Amino acid sequence: MNLFHVLRAGFFTTVQDLGRCGYLKYGVPISGAMDTFSMVAANLLVANNPNDACLEITLIGPELQALRDTQIAVTGGKLSIKIDGKEAPMWQTLTIHEGETITLGKVERGCRSYLAVRGGINTPLILGSRSTYTRGKLGGIEGRQLKPGDIICGFNVPFLEACFKLPENMVPQFSNDFTVHVVLGPQSDMFTDKGIETFLSSQYKVTIESDRMGYRLDGPSIEHKDKAEIVSDALLPGAVQVPRDGKPIVIMKDAQTTGGYPKIAAVITPDLDMLGQAKPNDTVRFFEITLEEAHERLLEYRRKLSSLTQKLVRIS
Amino acid sequence: MEHIYPSARYLPFGDTALVVEFGNIIDLTVNRKVIALNEAILEANIIGVEETVPTYRSLLIRYNPEKIAYEHLVEQIKEIEKRLRDTPPPKKTRKFTIPVVYGSIYGPDLKDVAEYHGLTENQVVEIHSRKEYRVYMIGFVAGFPYLGEVPEEIATPRLPTPRLKVPAGSVGIAERQTGIYPCEAPGGWRIIGRTPIKLFDADWRPPALLKPGDIVRFMPISEEEFKRIEELVKSGAYKLEFREE
Chain V
1 MNLFHVLRAG FFTTVQDLGR CGYLKYGVPI SGAMDTFSMV AANLLVANNP NDACLEITLI
61 GPELQALRDT QIAVTGGKLS IKIDGKEAPM WQTLTIHEGE TITLGKVERG CRSYLAVRGG
121 INTPLILGSR STYTRGKLGG IEGRQLKPGD IICGFNVPFL EACFKLPENM VPQFSNDFTV
181 HVVLGPQSDM FTDKGIETFL SSQYKVTIES DRMGYRLDGP SIEHKDKAEI VSDALLPGAV
241 QVPRDGKPIV IMKDAQTTGG YPKIAAVITP DLDMLGQAKP NDTVRFFEIT LEEAHERLLE
301 YRRKLSSLTQ KLVRIS
Chain C
1 MEHIYPSARY LPFGDTALVV EFGNIIDLTV NRKVIALNEA ILEANIIGVE ETVPTYRSLL
61 IRYNPEKIAY EHLVEQIKEI EKRLRDTPPP KKTRKFTIPV VYGSIYGPDL KDVAEYHGLT
121 ENQVVEIHSR KEYRVYMIGF VAGFPYLGEV PEEIATPRLP TPRLKVPAGS VGIAERQTGI
181 YPCEAPGGWR IIGRTPIKLF DADWRPPALL KPGDIVRFMP ISEEEFKRIE ELVKSGAYKL
241 EFREE
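Protein chains in written order, with this note's numbering: chain V, 1 to 316; chain C, 1 to 245.
There's no promise every hint is true.
As the list claims (entries may be wrong) - Here are the simulated DSBU-like pairs of lysine-lysine, each with C-alpha atoms no more than 30 angstroms apart in a straight line:
| # | chain 1 | residue 1 | chain 2 | residue 2 |
| --- | --- | --- | --- | --- |
| 1 | C | Lys211 | C | Lys239 |
| 2 | V | Lys137 | C | Lys227 |
| 3 | C | Lys198 | V | Lys137 |
| 4 | C | Lys67 | V | Lys311 |
It should be emphasised that the hints constitute simulated quantities derived from the structure, not laboratory data.
Remember, it's a predicted structure, so these values are computed and weren't measured experimentally.
Just chain V, with the same shape it has in the complex (with noise of 0.2 angstroms):
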């Protein structure tokens, strides 16, 4: 079923779910949501599964034109939607009719926003998931980013009676400097204690050269004791890897599956959603936490999640 067609793409614009889980060891990476809370809400103000397949929109907006009527929800970085020209909210259910346009425009706060339409865009299930793995052309729309002409499909579910908002004290603020929490490890041994101290208390930038694969910052060095290399092996979202330099890498939902730089440390699953809205020249501080404390951020915040729908306030 047609639902958009695409008339501009935007800076880099991808069908992306909850991930691929379980093909690490074939070196598939996970991909997703960079910002899971965010794409998850999207879905949930128009009453979809919370793993249904959403536009992951990246600094500037796309332009679609809508092909059949149908409701839509956009969260995440903050940025103007227009519908026919008309100014419409973030963060709450929108109906669209057959023929109108919608503008997104750039993404002010934050870096990357989310589209979920009712039912879920329809490609492709690739592994168990619809993400879009660029480098490997895997998932989405043929394997790549959005690009004008592209006709995006969805799924013939009924129409919402109602629509619904997120509450404004539940809307996540983006600012330009993240503090995110860290577990130590596992190789946080084969830094020098002023290495480890370094990393603590630094601000990094993050640099250009960041996207869905990994964030690379810049800012003072972290010391290593002897040897920059290791013998290459699992690498999973969040880590923390420190090459030769002692610049840190922070790897993200694309990234290669195993690496070959020791990992200082980890971020935590809540705060790595958050670092997906941080873009370059945005800071970053790593604060470290106990693993027990890790453990209780994580269940308070899939408690979060899973408690969204019951917050959503109807407004019509």
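Starting from the known structure of chain V, arrange chain C on it as the hints suggest.
Coordinates of chain C only, in the frame set by chain V:
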């Protein structure tokens, strides 16, 4: 120093994973331990374990802390590891023979590798293809096998500047490792040949041809043979056989 640890190290990796390291060395004994532990964990079906990733010298275990506490997980895996130490299980290995056309446009670095070692191109091919290699891990890009170990006589460092595009099927050398690019990707390995064989397909179950612990041998083929097999692979009529020993 590079060595095999006297006892495995259990290390937390973020809030959802545990790493069991057996050493910091590329070594057959270490890799065998990784794979044995991986198989035993999968067999044990531990509630809360979501996926495992075996690599050269460590096993990553992703778990759900809502279903199993970290300490409890470590305890259970230590128990399994202890059992394995007592009885190393006899294992069948899969042996694959992978056809490769060496040199010319298919292996643009064969000449340099030969020159680097003062060998002829034919000698490099002979040395590379006479040995059985073990799949130590799958990583980097979907389906990429890290194979070892390349004989010292042809072990060659990576290119000073990686190529932006290495064609699918390229067979490369990096120090004492050799590997095959399943898809076009950037890369700094010295490319000495190319195989027409497909190593990854998202429609296969499992999606990767090879898995850690498999044995691979390269078979030199002519350009004509390469093209013939390539056609068969494209039409889906080619089936790569393996022996189980």
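Legend entry - Earlier hints that do not hold, by number: none
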